[in-house]
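Engineer: Spelled out, the chains give:
Protein chains: 2
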Amino acid sequence: MDSIRLEWLNYGKDWVLNAGEIIKIRLSEKITINTKSHINDLVTNIDREIEDFFKQKVSLIKDHRLLGEEGDFVNDSDGYIWILDPIDGTTNLVTTGRDFVISLALYHNGQPLFGIVYDVMRDELYHAITGEGAYIKDKKIPQVNSDLLLDDQVIICDIKEIISYPRVVDLIQQSRGHRRYGSAALEIVHIAVGRAGAFIHMMVHPWDIAAAKIIAEECGLKYTRTDGTSVNVFEKGSSLVAPEKLHQQIVTICFS
Amino acid sequence: MDSIRLEWLNYGKDWVLNAGEIIKIRLSEKITINTKSHINDLVTNIDREIEDFFKQKVSLIKDHRLLGEEGDFVNDSDGYIWILDPIDGTTNLVTTGRDFVISLALYHNGQPLFGIVYDVMRDELYHAITGEGAYIKDKKIPQVNSDLLLDDQVIICDIKEIISYPRVVDLIQQSRGHRRYGSAALEIVHIAVGRAGAFIHMMVHPWDIAAAKIIAEECGLKYTRTDGTSVNVFEKGSSLVAPEKLHQQIVTICFS
Numbered sequence: 726m727d728s729i730r731l732e733w734l735n736y737g738k739d740w741v742l743n744a745g746e747i748i749k750i751r752l753s754e755k756i757t758i759n760t761k762s763h764i765n766d767l768v769t770n771i772d773r774e775i776e777d778f779f780k781q782k783v784s785l786i787k788d789h790r791l792l793g794e795e796g797d798f799v800n801d802s803d804g805y806i807w808i809l810d811p812i813d814g815t816t817n818l819v820t821t822g823r824d825f826v827i828s829l830a831l832y833h834n835g836q837p838l839f840g841i842v843y844d845v846m847r848d849e850l851y852h853a854i855t856g857e858g859a860y861i862k863d864k865k866i867p868q869v870n871s872d873l874l875l876d877d878q879v880i881i882c883d884i885k886e887i888i889s890y891p892r893v894v895d896l897i898q899q900s901r902g903h904r905r906y907g908s909a910a911l912e913i914v915h916i917a918v919g920r921a922g923a924f925i926h927m928m929v930h931p932w933d934i935a936a937a938k939i940i941a942e943e944c945g946l947k948y949t950r951t952d953g954t955s956v957n958v959f960e961k962g963s964s965l966v967a968p969e970k971l972h973q974q975i976v977t978i979c980f981s
Numbered sequence: 726m727d728s729i730r731l732e733w734l735n736y737g738k739d740w741v742l743n744a745g746e747i748i749k750i751r752l753s754e755k756i757t758i759n760t761k762s763h764i765n766d767l768v769t770n771i772d773r774e775i776e777d778f779f780k781q782k783v784s785l786i787k788d789h790r791l792l793g794e795e796g797d798f799v800n801d802s803d804g805y806i807w808i809l810d811p812i813d814g815t816t817n818l819v820t821t822g823r824d825f826v827i828s829l830a831l832y833h834n835g836q837p838l839f840g841i842v843y844d845v846m847r848d849e850l851y852h853a854i855t856g857e858g859a860y861i862k863d864k865k866i867p868q869v870n871s872d873l874l875l876d877d878q879v880i881i882c883d884i885k886e887i888i889s890y891p892r893v894v895d896l897i898q899q900s901r902g903h904r905r906y907g908s909a910a911l912e913i914v915h916i917a918v919g920r921a922g923a924f925i926h927m928m929v930h931p932w933d934i935a936a937a938k939i940i941a942e943e944c945g946l947k948y949t950r951t952d953g954t955s956v957n958v959f960e961k962g963s964s965l966v967a968p969e970k971l972h973q974q975i976v977t978i979c980f981s
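Chains H and A, in that order, are what the protein sequence lines are. Each residue of the first sequence is one higher than the one before, counting from 726 in the working numbering. Each residue of the second sequence is one higher than the one before, counting from 726 in the working numbering.
Derived from the structure by calculation, the hints contain no laboratory data. One should not assume that every hint holds.
[Said to hold, decoys possible] Just the calculated beta-carbon pair ranges, DEER-fashion: (1) H/I978 / A/E774: 33 to 41 Å; (2) H/E746 / A/N834: 47 to 55 Å; (3) A/E774 / H/I747: 28 to 36 Å; (4) A/S784 / H/Q973: 47 to 55 Å; (5) A/F778 / H/G945: 46 to 54 Å; (6) H/S981 / A/K885: 22 to 30 Å; (7) H/E746 / A/S981: 43 to 51 Å.
C-beta: ideal position from N, C-alpha, C; glycine also.
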């Protein structure tokens, strides 16, 4: 990656770490909040504050734009676009107080340059540069074992997949078990570092996956729609992420 | 609690912390292990090593017995019985490397004296003394809010409950979401500290719940079978754990 893009990556990592600190401060202030409406307000306020933080940062870079869950609508993929989810896992933010991430990626003319996923409470920063590998806390993540098979792997999906696709139930029963943590970006990077075997989701938005997809692919994972077709992150749709052979098993069992 | 029992509690906490250190050392040695049979062997070996560690400790206390997953069969509840799960969440141990606990409780003539649940990788030790409250890292856990209702709470259950009880699907759809972490004892203490609203499981063993049940009840949670009847931890069966009103909602929606 050329030096100017490397500088943007370093900007991005700094912003994400700073935003994590803001979230931790806001969470430590929530002690006095205990009604439902107050909790929802808290989440909305933090989400907005973090998005505004990034909006201000990106606005300082000439010709760069921001695409975010709460943000302006970007209806093309021309030029440099930062894709942000200020908090992926907002329910976790107010319930478990963990398992939520900040997701940030930079794309150029629709092509991925780098992605950053920050597990705030564990202080684990994942990032990947297209073509140059993925890292956790700046340590290279090894390539996944593409020979892994279903019977020894845990499957991550939401109850929506289980309800909609009875064959997903068959799949899970043939697997080592089912997990659900409640943050798509976090769950995808879990697969990248080998903490689970596959991630299946019927409807993810650009900001949920823009960064995690780069990290997953740089670790050698296959990342497609559930029917095996390629994913344009600027369009919402399904995601199926797994090592090569397991990916094929899942398509065969559930979606063919 | 009288001083001798308090001493046993302190023994138990020390043992659990030491056992956690052993597990961490064994995990750090696993780097070279990469075939399925080796991984399963690793889990079996750590499980046995930890159980043997506790067996040796309990054997030094006169007239105390140990009931454990891998251990001797205890077919009565007379006298002092320690109930142990050396590792609850063995699949997590080898996949995520987190979200597994050591569970240890002491019962006397079938009545609970205290329970300890140790989240090894987060270094979070939960304990409770019957009638005297529950603690996380020796800090008192506040009573749960018994007025919490379904629409604002996350439900923890396994896919088995979802498959067997279509009404559990209705329940989850009315809730704030579904989570599954893969360790019953850990999931129950999550409810105790308010990280989720309810735990539902169709088949738990004495060692899965002996400690977590004490912690849950000392936090004001209602802990029953799914049909609302009381739980004898020496018998395997279902578990439904939630704050009072939510518990009633779940029985009504799913199990009445």
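Engineer: The structure should be examined with respect to each hint, and the outcome stated for every one.
Structural biologist: Against the structure, the hints come out as follows:
In this structure, H/I978 and A/E774 meet the distance hint of 33 to 41 Å, their C-beta atoms being roughly 37 Å apart. Between H/E746 and A/N834, the C-beta spacing of about 52 Å keeps the proposed range 47 to 55 Å intact. For the pair A/E774 and H/I747, the beta carbons lie near 44 Å from each other, so the given range of 28 to 36 Å is not met. Restraint check, A/S784 to H/Q973: a C-beta distance of roughly 52 Å satisfies the suggested window 47 to 55 Å.
For A/F778 paired with H/G945, a C-beta distance near 39 Å fails the hint of 46 to 54 Å. Look at H/S981 against A/K885: about 26 Å separates their beta carbons, and that is inside 22 to 30 Å. Between H/E746 and A/S981 the CB atoms are about 48 Å apart, so this pair conforms to the stated range of 43 to 51 Å.
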